[in-house]
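Take a look at the letters that make up each chain.
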Amino acid sequence: MTGPGEERGRAHGDGRYDVPLIVAGPDAEPARRNGHRPAEPHRLEPGPRDPAVPDGPGDVWDRRVATALAFLRRRLSGDYQVDEFGFDPELTEAVFHPLLRRLYRGWFRTEVTGVEHVPAEGAGLVVGNHSGTVALDALVLSAVLHDHHSAHRYLRLLGADLVFRVPVMSEIARKTGATVACHPDAERLLRSGELVGVFPEGFKGVGKRYADRYKLQRFGRGGFVAAALRTGTPIVPVAIVGAEEIYPMLADIKPLARLLKLPYFPVTPTFPWLGPLGLVPLPSKWLIEFCPPVPTAHLTDSADDPLVVFNLADQVRETIQQTLYSLLERRPDPFGP
Amino acid sequence: MTPGGTPGAPGVVVVTGVGRYLGAHVAARLAADPRIERVLGVDPAPPNPEFAGLLGRVERVRIDLGSLGGFLADLDVDAVVHLALVTAPDPQQGGRAAMKEQNVIGTMQLLAACQRAPRLRKLIVRSSTAAYGASFRDPAVFTEETEPREVPRGGFGRDILDIEGYVRGFRRRRPDVVATVLRFAPFIGSTANTTLTRYFAQPIVPTVFGRDPRLQFVHIDDALEVLHRSVVEEHPGTYNVAGPGVLTLSQAIRRAGRVGVPVLEPGLSGAAALARSLGFGRYGLDQVDLFVHGRVVDTTALEREYGFTPRSTAAAFDDFIRAHAGGAVVTRERLEVASQAILDGIRQVRAAVREPR
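Protein sequences, first through last, are from chains H and G.
Residues 98 to 434 (the numbering used here) are what the first sequence spells out, left to right.
Residues 4 to 360 (the numbering used here) are what the second sequence spells out, left to right.
No wet-lab data here; the hints were simulated from the structure.
Errors might be hidden in some of the hints.
To be verified - Derived DEER-like restraints, expressed as beta-carbon distance ranges:
1. G:Glu306 <-> H:Phe432: 20 to 28 Å
2. G:Pro265 <-> H:Lys351: 29 to 37 Å
3. H:Leu371 <-> G:Ala101: 33 to 41 Å
4. H:Arg202 <-> G:Phe212: 27 to 35 Å
5. G:Phe212 <-> H:Leu259: 54 to 62 Å
Model, not experiment: these values are computed from the prediction.
All C-beta atoms, glycine included, are put in the ideal place defined by N, C-alpha and C.
Let the sequences and hints guide you as you build the complete structure.
Following this line, the structure appears as structure tokens:
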């Protein structure tokens with residue numbers, strides 16, 4: 098008998114391990130992974146062991162396969178929870194966040210500061226600048242917040258109704274926790290203590306030319322402020338630097354946009370010239386800074402006062418703009434390390 | 004309160020639509036309640052034989068809703084429960100025209116009769132969450148105050164909007180009558196037989212490509228409970244009646260062990276129209292809209308007012324699955340076997356790789 102075999106025998110003997118997935122002991126052979134292990138003929142004989150037991154303790158691949166199969170089985174039998182907005186946390190964590198993580202860590206080399214300004218519990222309204230032709234900044238922000246925040250909070254994004262018109266995209270948006278940007282949904286999320294992410298510039302921000310980069314657009318009617326005031330939710334401004342350069346929009350073919358019923362039709366250095374290759378975002382350097390929260394609890398009665406709403410929206414806008422400038426000073430080269 | 008009934012509970016109750024599942028069960032349930040003296044079941048057609056057994060203690064009246072006027076006044080009716088709605092056109096019974104006649108004109112006539120019934124003090128009208136319409140700008144969760152943003156494409160949704168409009172008019176003209184409008188989510192349960200239960204009972208179910216709507220159901224027994232309480236208690240207003248929680252369509256299909264086949268939306272609308280004109284299947288634009296947009300309602304008003312929480316959407320759906328387990332294609336057991344086979348396969352491959360050494 099070899100070491101691991103004995104170990105397992107003991108494990109079964111004293112009944113310590115009911116679950117087959119045993120973590121390797123310090124004396125386990127290090128090379129035993131991915132099938133490249135020395136032959137151990139006695140393992141192949143149908144013994145008293147349960148067939149569900151993966152071959153050996155510490156076999157990383159067995160464990161991964163078993164976990165993946167359990168995940169698939171749970172998904173295929175519908176054994177998961179979805180909230181009333183259609184948010185599927187399990188799918189988001191297992192599929193969407195790993196993809197985004199790869200993107201923002203490896204490709205965009207994102208640096209995050211001030212994440213402690215986001216409340217660890219209870220409602221919060223995260224307000225950011227929007228840019229980049231494709232609203233990748235919103236997705237990256239939600240993944241960054243989930244990974245970097247101590248409470249691993251989910252950011253519930255509010256999206257334009259265009260997002261929910263398009264098949265497939267609408268369902269990905271709902272499953273990752275987004276919903277239509279409207280007062281009832283925003284207030285419902287805030288009242289249930291969720292962290293809501295909103296980009297008040299909307300298409301004016303995402304669809305602006307490269308020449309106008311890092312110039313905040315108008316903040317609409319300040320609807321996000323009214324929602325925060327009505328629920329007494331703190332507003333956390335966030336500045337995102339880097340998304341402007343991923344798809345630098347040189348021109349906007351308006352007739353084509355009208356024809357396709359899109360808010361704009363972008364022309365970038367790579368799109369549409371390189372076809373699908375033009376969809377690859379340029380590897381800019383990203384900096385994300387969360388600013389100190391703006392409390393609103395003392396203003397709950399002023400939600401309908403346009404002066405208060407506009408002033409607060411202006412304050413948030415100014416904070417984001419100033420933070421953008423200071424972040425840009427820290428990053429002289431958009432495509433630097 | 005009026006003599007003949009205990010305060011709250013009415014003496015004479017008229018239930019419309021007793022020839023169908025919901026009406027028959029509500030009438031039977033009310034007849035079994037000792038607080039209620041008489042239950043009159045109104046339906047122009049003879050009841051479906053499978054419900055006839057339920058209606059033993061219900062006095063059946065075979066008149067149509069148009070000639071109800073004198074009848075309500077003569078019998079000193081205290082409460083009217085209006086359930087005679089058709090949710091989908093039935094080609095055998097006149098199709099969409101007959102459906103609209105029954106839903107809209109029938110309700111108009113009933114409300115006209117109710118307006119002239121001096122002793123009437125309670126009106127309960129069955130409505131549907133289809134009242135919220137379907138639009139891409141809709142909020143995710145509808146409360147009772149949400150106004151529909153677009154008039155629904157489906158016939159049933161349009162009928163519901165008309166019916167609720169007439170009830171609003173009735174409320175203005177007879178403020179002394181307690182009017183309750185119940186917006187039910189689609190019914191489901193082990194015995195209910197509706198368009199949606201027939202849909203989920205098939206082994207292969209069509210879905211809309213790229214859409215995974217959020218659905219809510221209400222268990223038919225909970226719907227009966229809410230209707231019963233509406234009759235014996237007083238709950239003026241409009242209430243959403245749905246099981247808390249949400250199932251997405253794909254999740255529901257997987258839980259039921261069915262196989263979903265995505266179809267492009269224009270194709271599905273066309274197929275629905277074709278199936279309807281060929282006389283099989285009763286799917287209409289109502290169903291297509293539901294499967295594109297989904298529909299989730301807030302039930303806190305119901306829970307607060309009635310002190311009753313329907314069983315959750317997932318639990319109601321589980322009850323339906325148990326009764327229809329026969330048609331399942333993908334079951335938990337088969338998935339278990341398949342994943343076991345994969346694990347064993349990997350083990351064997353590895354053993355084979357190891358063998359030559």
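For this session: Take the C-beta atom of phenylalanine 212 of chain G and the C-beta atom of leucine 259 of chain H, compute their distance, and say whether it sits inside 54 to 62 Å.
Result: violated, 18 Å
For this session: Using the beta carbons of arginine 202 of chain H and phenylalanine 212 of chain G, state whether their distance is inside 27 to 35 Å or not.
Result: holds, 33 Å
Exercise. Do leucine 371 of chain H and alanine 101 of chain G keep their Cβ atoms within the hinted range of 33 to 41 Å?
Worked result: About 59 Å separates the Cβ atoms of leucine 371 of chain H and alanine 101 of chain G, which means 33 to 41 Å is violated.
Problem set entry | Cβ separation of glutamate 306 of chain G and phenylalanine 432 of chain H, checked against the hinted range 20 to 28 Å | This hint is violated: roughly 56 Å between Cβ atoms.
Exercise. Does the Cβ distance between proline 265 of chain G and lysine 351 of chain H fall inside 29 to 37 Å?
Worked result: holds, 34 Å
When the structure is compared with the earlier hints, violations turn up for hints 1, 3 and 5 and for no others.
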